Structures are given as C-alpha cells and as structure tokens.
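Participant: Starting from the known structure of chain S, arrange chain E on it as the hints suggest.
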Amino acid sequence: MEVDSTQAETSAKGEQVEHADLVIAMLSEFDAEGIVQLSDRLRELPGPMRVLVGVKDVGAAAPELITKNSEAASRVAFVAWPTLGLDLTGPPLPTISAGYQSIFTTSLRLEARACCIVASKLENATPEWIAGFLEPLLDGEFDLVTPSYAHHKLEGLLNSSIVSPLTRSLYGRRVSNPMGPDLGVSQRLFQKILGNLGGGPNQRRNHPLASLAPVAACEKFKVCQVHLGARTHPPTDWTNISSLLVDVLGPVFLDMERNAACWQRVRGSNPVATFGEQSLGSDQVGAVDVERLVNSFQLGARDLQEIWSLVLPPASLLELRKLARLTADRFQMSDQLWVRVIYDFALAHRLRTLNRDHLLRSMTPIYLGWVASHARAIANVDGEAANDRLEHLSVTYELEKSYLVSRWRWPDRFHP
Amino acid sequence: MLEQAKQALGQSTERFLTKFASILPGIVALIFAFLVSIVLAWVLAVLVRRLLLTMRFDERLTRWGWYPATESSSMNSPTQLVSRGIALFVIVTGLLIGVAAFDAELTTLLVRTIFGYLPNIIGAVLVLLVGSIIARFIARSVLIGAVNMNFQYARLLSVGVKWLVIVLAVAMALEQLRIASGIVKLAFGILFGGIVLTLSVAIGLNSRELVTKSLERDSQKDGTDAIEDPLRHL
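For the protein sequence lines, the chains are S and E, in the order given. Oh and the first sequence: position 308 is 308 in the numbering used here, straight run, nothing missing. Oh and the second sequence: position 115 is 115 in the numbering used here, straight run, nothing missing.
The shape of chain S in the complex, shown without the other chains (with noise of 0.2 Å):
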C-alpha cells in the first residue's frame, strides 16, 4: 500500500482499498505535522498491519509522507473523509453519531479487525492515544475502549451530573464517558451495532448513536476504559443549553427506552479494566457565577412550573418550589432530588408526556440549578474531593434505581 502525493490521488486510493486490519477516523481536522506523527507512530504498531486512516485534509501532508514513505515500506493510506462516506458538516453531537455509523460500514467493508474514532481536536488528541485505544483491542480482550479525560472539577458536568452515573445505574459498567466522544470499537462489537441498527440510512437517522457502553453491556462484550490527557472544550454558549441537553439527553433516553429489558434486570455495578496513568485535572478554576445560574432556576420554577407539574410527582414539585426560594449563598440541591428529576424525565421521554423536545428543553433550569449546587459544593475543594462528591451522586443514582424501575413498569400508579 503506497501513500500518494495529491489528496485526489490518495482518494481515489482509498477507494481502491479493498482490505484493511485497521480503520481510524480523525472526525476532527488534523494538519500536516499530525498526520505525519500519526503515520510514523501507527508504522510501529505490531505485526503486518494494514491500516486506513480517514482524515478531513491530507493533501498539505503529502510530500511529508512521501518522504517518510521513500525511507520505508508504508503500510498506512490516508484518505479524506468523503472516500469513508463521512459528511461531517452537521451540527457536533448528531454529526457525531452519523460518522460512527458510517466508519462501522466502511470497517466491515474492509474486514476490519477493529476501528478507532478520534473526534478531540488536534491539541488534544495524539497519536498516543490511538496508541492507547489500539492495544486493548488488538490483544483481543476488549470489545470497546471508552475514554477517561484528565479534567479540571468544573469540567464535563453534563456527563458527569448525567450521562455517566445513568450509564452506571442503568448498565452496571463504571464508565467515566461512556459517550466519548473518541473510542476503540472491536469488529464483533461494530458488526452487533450495524446489526441491531439495521434498515437503510433513514431508519439509522432515527435511532442515532447516543453511546456503544449500553450495547456493549447488554450484549455481554468486554468494556475497558485508557486513561488520556487534558481534553480543551470550547466555552459555554449559554444561549444554547438546551439545545446541548436535548442533542445529549435525547439519544440517550431514547437508549434507556431500547433496552428497558436489559437494565432492568441489571443490580449493582462493576469498575471497568483502566488502562493508562491517570493524571488529575487543574485545581484551579476560576469562579463560578452562582447567583445567575440561580437566577435561571427560579425563573424556571416561577414559569414552567405547569409543564413540569406533568413530568414530576407532588413530592419533586414541592422540593423544587422549596429550592427557589433559597438565595444564591444557601442554595443547595439535594442528590436525591436531583436524580428522580432525571428519572423522571427519562420516563416523560418515553411515555411522551409532552413534546420531546419540549419537554428536555424545559429540563434545563433544573439542570442549571444543579450546576449552581454543585460548583457551590467544590467551590473550596480539591479535585479528588470533587470527584468524591460525583461518586456520591452515582451511588445515589444507583440507590434510586428501584425508584426508576418501579415508575417505568408502572408509570400510573400514584407517587406522591
């Protein structure tokens, strides 16, 4: 397998790929120096391994690589992203979840062993932490390789107040980001996943790829996490929050609804093998202005208390309107609260006690109300003492899972 000089030429090449034991997609964009450092680290990989690596623009990079190619026999071709099928010109998350699935099609195409999706952006992602999602899979002892982000205390609270501790209560698998967004999927995993997905391209669109850790741990295949680096996320757009929660919270939900049977049956949870030196994330942050998310809460409880009248029973409402009354210096949520809140709306979700998108756009004064409890919670703590609270949060969300079980089998008996 050659590296050609034009990003035409190594297009057209990579149609021609007929076999690869490899394919990675770079989802985000990667200039040349990175492509270089890429090819030389994956020529290091063991054994006679063939490797397709989807990336947006490798044309800049060519004449880097057709020297590097000329010292030794390359086993790696480029190919831009449309060569893979990828139209990566969406918004972020549904864009996201398109790429997977178009990357699994294009891995069983080529009888991948395994495939690895990088979505960070260059500053972040290295070529060692393909490295570092690569080697659990081709020792063929993990079906999925998850991330584990060094992050400062006030970073990922989506996934942390969210999608990580409702993996774990639902599934039983300690994943600290089950929805990556970079990953190491093995072949036996990707080909269940285009299985389950099934129809044509329309039917795809409409189950979108929220996270692979459900499947993963309802199909009984090995889950691992690696621990990277630092990963920059890009500021807040606090005119968009909802827009964030329904993309995430969405999918996710609609995940809780396809595999009722499965989590159901699951008690308790398991840590997952981690692979890697975990590193903490900066202690110091910058502060947090409290009194505005606040502010938001209890514009939200003042104004749709009647959309979520319909969502939560008596006891949530009251604890809400209790909360609103507090000011900015003694607000605090508790995380039992909390937690059926999400129970709750997962379970609105399903039943479509109102407009889906409704309904999880009208979740996020709740949602910044949290927020404001927690950063006041870590205001004076250390990382570790953070992550000791969020652990609590998750023992919390797994205590309150008969809870959730108990409204989902029967949603109208009476909760007070």
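Hints listed in this document are in silico derivations from the structure and should not be mistaken for laboratory results. Some hints here could point you the wrong way.
[Unchecked claim] Incomplete in silico selection of chain S near chain E, CB under 10 Å:
1. G172
2. L293
3. H358
All of these numbers come straight from a predicted model, not from anything done at the bench. Cβ coordinates follow ideal geometry from the N, Cα and C atoms, glycine included.
Facilitator: Same frame as chain S, but now just chain E:
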C-alpha cells in the same frame, strides 16, 4: 240575540276544539320526542363520559398541550364538553323530529337551511381547533425558549403569542360563519395590533437587559482582566 251569541260561542269553541284536536297529536308527539331525546341524550352523555374517562381523554389532551394542566374545574373539562355537546345534538335532533310532527314543510325548510349552513360551521370549528392546537404549541415553545434565555417576561410573551394566534383563528372562523364580517375585520385589526404592540414593548424591555448584559460581556472580553467562565458542560 242571545241565541246568536250562543251559536257564535259554540262555533268558536268547536273550531278551537277541532283545531286543538288536530294539533294535539303533534303536541303529544313533540313532547314525547323531546322527552325521549332527553333520556337518550342523558344515556349517551353518560356512556361517552365513561368512555372518555376510561381513555383518559382529559389527561391525553393535557399531555398534547391542548388543555392547560392548571385547569382544575371538572365542570369545563374536555370530557364534559364533548359529552354535553353530544347530548345537545341529540336533544336538538329530537326537537326537529317533534316539530316535523306539526308541519313537515316547515321542518324541511329548517333542515335545508341548517344543512346549507353546516359546511360553514364545520369549517369554522376546524379552523378554531387547528388554531387552538397551533396556539398552544407555539405558546409552550415560546415560554420554554424565553425562560431558557432568562426573559423575565417569558409568560407574558407566551400568553401574548397564544392570544395572537387564537384571535387570528377566531377572526377566520367568524369570517367563515359570515357573521358581521366588517366588524370582525375591524375588531381583529384592533386586537391584533394591540397584542403585537404589547409584545413589542415586552420584547423591547427585555432586549434592554439583554443588550446591557451582552455589552458588559463584550467589554469584559476586550479587557485585560477578563474572567473566563470555568463551566464546561460537555
């Protein structure tokens, strides 16, 4: 003279009794039809109410946003409205049948007029129904969106938008019913304009806050001591 008066009275009484005797079966038929229709209407109303309660009709309408959850009065619930509507329809039909016993020609004319007007009524009801659905959906979208954008007047904005659509739907329905179209147009223009003006003032007052906040944020970004928000949600 007395004899003549007696005769006239006798003839008058006879005419009255003859006339009364000729319409008596009609009156009896009307009363009978009315009573039967009342009984039938009551039975049907009870059946429909029970059926709708079993189907949780009110709850479903509330979920779909057609009926406000805060509406606690069971007297005006959708279930009651539907059952009463059916009962009224049966009673009116019974009355028409009863009137037919008096004068078939009059009833035919009445029925023809009512049926001629029926398409307008159905059209108006459909316009009102669709308008109500759209109004409630848009009102809920506006309410949630405005709250998430921290608009203090979110509820006012939502109610304003809802009434804007409802007023439009009512005006269209009245136009369809051909009721005082000139007055309706004028009233619609005044009401619509009033609501738009109210909403503009509400948005304007909110925009002032938003613009101030936005300018404050921009000045912080430009300044050297800008404080970056440490929260990261993803």
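Participant: Each of the hints needs a verdict: does it hold here or not?
Facilitator: Structure-based check of all given hints:
no.: 1; hint: G172; verdict: violated, 25 Å
no.: 2; hint: L293; verdict: holds, 9 Å
no.: 3; hint: H358; verdict: holds, 6 Å
Of the numbered hints listed earlier, the single one contradicted by the structure is hint 1.
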